[in-house]
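> Single-letter residue listing:
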Amino acid sequence: VTMELLNGSTLHFAGSIIGFDELNEFELIETGAGGPFYTLQSIENPDIGFIVVSPFEHIQQYEISLSVDIVRALELESPEHALVLSIVTLKEPINESSVNLLAPLVVNRDNKMGRQVILSNTAYSVRASLFSEWTGGTDHADLES
Amino acid sequence: MLILSRKRGQSIIIDRQIEIIITSIEGDQVKIGIKAPEQYNIVRKEVLEDVKSANSGSIATSGSVDLLKAWVESNKKL
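These protein sequence lines are chains A and B, in that order. Under our numbering, the letters of the first sequence match residues 1 to 145, in that order. Under our numbering, the letters of the second sequence match residues 146 to 223, in that order.
A portion of the hints provided could be inaccurate.
Unchecked claim - Pairwise CB distance ranges, derived in the manner of DEER restraints:
hint, chain 1, residue 1, chain 2, residue 2, range
1, A, Gly32, B, Ile167, 51 to 59 Å
2, B, Ile148, A, Arg72, 30 to 38 Å
3, B, Ser156, A, Asn121, 40 to 48 Å
4, B, Lys197, A, Leu5, 29 to 37 Å
5, B, Ile159, A, Leu5, 36 to 44 Å
6, B, Leu149, A, Asn111, 28 to 36 Å
7, B, Ala181, A, Ser78, 41 to 49 Å
8, A, Thr2, B, Asp173, 45 to 53 Å
9, B, Ser156, A, Ile29, 43 to 51 Å
10, A, Phe56, B, Ser198, 41 to 49 Å
11, A, Pro46, B, Val188, 25 to 33 Å
FYI, nobody ran anything at the bench for these hints, they're computed from the structure. Beta carbons: idealized from backbone N, C-alpha and C, even for Gly.
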């Protein structure tokens, strides 16, 4: 629901997306594919965009702990003000796609400031299987043929 | 690059706020303790490199979005 509210918003990542330090501003837009997926499109470089999804879609009991420093940088007053996004890596066949649960993007939905954060002391993977928990690994079999 | 010799239990201090302690040495493995203020994000280099490569490998293309669209549509029917 929060994702929908932020559709079309510009999010400010302050160069924190690892490997893309030169990019600060991203627009969150619907992919056109529907479902829970959104595109995080760089405003500064039109060639760079990421598919993102709420990690809570993937694992309901997903939990993160933010350092005081990140909380301060984002001016987050409470967890309810945070929107957490995970970057999706799409692969062909699509059932090999993954989602980065270890390094989520955390956004303050009020001021639109965000950071990519590498979680510590967790077992979450950088490349968790995207569809295994949603589909039971069977629904997408038709796609391959 | 500064290179220092240290023994087990010895440490170095960076900028009077970060302490790096050699806690144990076994064969080719060293255990290091780090005391640093919370604003310092400390990660293993290979984790950072891994996130970087995952990010670079996640740039959406029109082809990948089409794949996703096909998946979402086929899933709706179920």
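> Broken hints, numbered, in rising order?
Failing hints, ascending: 3, 6, 7, 10.
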